[in-house]
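As a plain string of letters, each chain reads:
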Amino acid sequence: MENKKAKKRSMTMEVCQRLARNKMAMLGLAILVVLVLCAVFADVIADYETKVVAQNIANRLKGPSAEHWFGTDEFGRDIFARIIHGSRVSLVVGLISVSVSLILGGILGAFAGFYGGRVDNVIMRVMDIFLAVPSTLLAMTIVAALGSSLVNVMLAIGVSGIPTYARIVRAAVMSVKDQEFVEASRAIGATNVTTIFREIIPNCLAPIIVQATLSVAGAILSTASLSFIGLGVQPPDPEWGAMLSGGRNFLRDAVHLTLFPGLAIVITILALNLLGDGLRDALDPRLKQ
Amino acid sequence: MHKYVIKRLIMLIPVVIGVSFLVFFIMSLAPGDTARTILGEDAPIEAIEALNEELGLNDPVLIRYGRYMVGLAHGDLGTSYKSGRSVFTEVMSRFPDTLKLAFWGMIFAVVLSIPIGIISATKQYSLIDSVSMVFALLGVATPNFWLGLMLIIGFSLHLRWFPSGGSEGWKALVLPVITLGTGCMANITRTTRSSMLEVIRQDYIRTAKAKGVGYRSVIYKHALKNALIPVVTVIGLQFGSLLGGAVLTEAVFSWPGVGTYLVNSIKAKDTPAVLGCVIIFSICFSIVNLCVDILYAYIDPRIKSKYK
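Sequence lines, in order, name chains A and B.
Position 118 (the first sequence) corresponds to 118 in the numbering used here; numbering is contiguous.
Residues are numbered in the numbering used here as their position in the second sequence, beginning at 1, plus a constant of 1000.
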């Protein structure tokens, strides 16, 4: 038992050390830490009521200045404050929608991989149907049916991500289900569900973690896309895609309306992709070689 | 091989049935009264009831789906609530514009990404490799609708080189194609590079070099052909995101394609139009995936031999 713990700890340490050696991954992580801090302390950085939603027509379309770092929008609201509060929306949507995909897709994939045969066939054919609809379109259809709101956007993006996780988890489960530790678990009388969730899933976490990191980036991008075409987060709530959409009418005179929210999206996605790539290399060093 | 193609084509039928059921079921979850949406909030209740009856909306979902499928089997995607015209006609009148955008977007992505990926792999850790990988990373991270807006600001509003909207002439195609193709280009570049890196370290490449085969021949004849399988897979998968991206690109450039029609239909709660667009997009995606599978056989004789 002690040995197993020590080995587990050393493997985790090894992965962390490999990740720490990857400068690009560390850059991504640093950006993400800043972003999370901004989201957590958004109210301390900029007051929601006065700077994010309150309109001030006298201040409308002001360029970047010492007072308003990123300028103001068509309603005189501070763009920097809206971007900071928008990071909350993006991160929450990213994390919750990926959790929805991960939990539902993971359970389906685990059962398909573990039981095989007819169960696998039925689950995976249903997943194939989901995969036949491009994910952005599927998310749009769900939002179109349920209506535009933050919860529906999270649900839509979460559901459209289910097949990806079902496939990954199924493949991972199939690769380990015939190993000795699974047989041992069965031999001591563990139920199938216990074996799947206690023994198999923890042993195939690597590809799931990598995919989850990259999926958060995809979810943030999808949220911004849906909001951009008016199907996502509704005004006056601050969301990066919705801010970009609002800035479209002022492209000639007020570039800052579209420039800064767009940069916020690019930097966030870039950071998540760098960390995701780094994690993949750290968890499977063969890929790096 | 022919048998395989026919089998795959037949397998498209359950996919279409499944997709149509999925989308039909999702759309049936929509709250509110469709007849009220069409007639307006102030419409008398009798008129709403009559329209619901006329459209068959009082029937259970499965009956409505069955009716829809019978129509679909005859090439009928229903009638748009908004325009009163056939959805099939509406979608098909816009489809060539979307196809043009997607086709040139993919050509732009493939023509640039594969050579860049090859150069990056053969000159690993060089300046050109670093620069192209930074661009690839940025390309993946940049939302295409934002890139489109930035291109409009730079090349349309300031330099006045290209129009900011419409679909007339080749100039109108340039900015939407760059907008749509950049994300795909970035993904294909990364895949080409990593696939080439893996292949050029194989023993048979070393053997070819040792035998004195020319550099170009080693790279383009021996290595590239073997590195193409994952690249073709990514190209096929990217086509799906290209269709999703086309919706956003069309919204940015007021491109008169199926994407713009889909977004307008979603906003107008025009269920038959939304269903029609998603089904057509999904069929296109499935056909592209089929083409990718067939292409595998031509690239890799080992795969072809399985179907003989």
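Honestly, the hints are just simulated from the structure, not real lab data.
Remember, predicted model here, so these are calculated numbers, not experimental data.
Glycine residues also receive a C-beta, built at the ideal position from the N, C-alpha and C atoms.
Among the clues, some could well be false.
As the list claims (entries may be wrong) - Pairwise CB distance ranges, derived in the manner of DEER restraints: (1) Ser99/A / Pro1031/B: 22 to 32 Å; (2) Tyr115/A / Arg1064/B: 29 to 39 Å; (3) Val193/A / Ser1130/B: 46 to 56 Å.
As the list claims (entries may be wrong) - Per the computed footprint, the stretches of chain A lying under chain B, defined by three or more beta-carbons under 8 Å from a beta-carbon of chain B, are: (4) 99–106; (5) 184–195; (6) 203–215; (7) 251–258; (8) 264–278.
Stated by the list, open to error - Far from chain B, by Cβ distances over 10 Å, these chain A residues were calculated: (9) Thr50; (10) Gln55; (11) Glu74; (12) Ser175; (13) Gln234.
Legend entry - Interface exclusion of Glu74/A relative to chain B, criterion Cβ beyond 10 Å: Holds, because the least Cβ-Cβ distance between Glu74/A and chain B comes to about 15 Å, which exceeds 10 Å.
Inset, instruction - Over 10 Å to the closest beta carbon of chain B is the bar; see if Ser175/A clears it. - result: holds, 19 Å
Inset, instruction - Can you let me know if the beta-carbon spacing of Val193/A and Ser1130/B is within 46 to 56 Å? - result: holds, 49 Å
Legend entry - Status of Gln234/A, Cβ more than 10 Å from any chain B Cβ: The claim stands: Gln234/A keeps its Cβ more than 10 Å from every Cβ of chain B (closest is about 13 Å).
Legend entry - Claimed coverage, the segment 251–258 of chain A by chain B - three or more beta carbons nearer than 8 Å: Holds, because 4 residues of the segment 251–258 of chain A bring their Cβ atoms closer than 8 Å to Cβ atoms of chain B.
Inset, instruction - Classify the label on Gln55/A as holds or violated, using whether its beta-carbon is more than 10 Å from each beta-carbon of chain B. - result: Consistent with the label, Gln55/A stays out of reach of chain B, its closest Cβ about 24 Å off (over 10 Å).
Inset, instruction - Test coverage of the segment 184–195 of chain A by chain B using CB-CB distances below 8 Å; three residues minimum. - result: Violated - the segment 184–195 of chain A has 0 residues with a Cβ nearer than 8 Å to chain B, which falls short of three.
Inset, instruction - With 29 to 39 Å as the target window, see if Tyr115/A and Arg1064/B comply at their CB atoms. - result: This hint holds: roughly 34 Å between Cβ atoms.
Legend entry - chain B versus Thr50/A - minimum CB to CB distance exceeding 10 Å, so not interface: holds, 28 Å
Legend entry - C-beta pair Ser99/A, Pro1031/B: status relative to the range 22 to 32 Å that was hinted: holds, 25 Å
Inset, instruction - Verify the coverage statement for the segment 99–106 of chain A against chain B, using a C-beta to C-beta distance below 8 Å and requiring 3 or more qualifying residues. - result: violated (count 0)
Legend entry - Coverage of the segment 203–215 of chain A by chain B (three or more Cβ within 8 Å): violated (count 0)
Hint violations for this structure: numbers 4, 5 and 6, all remaining hints satisfied.
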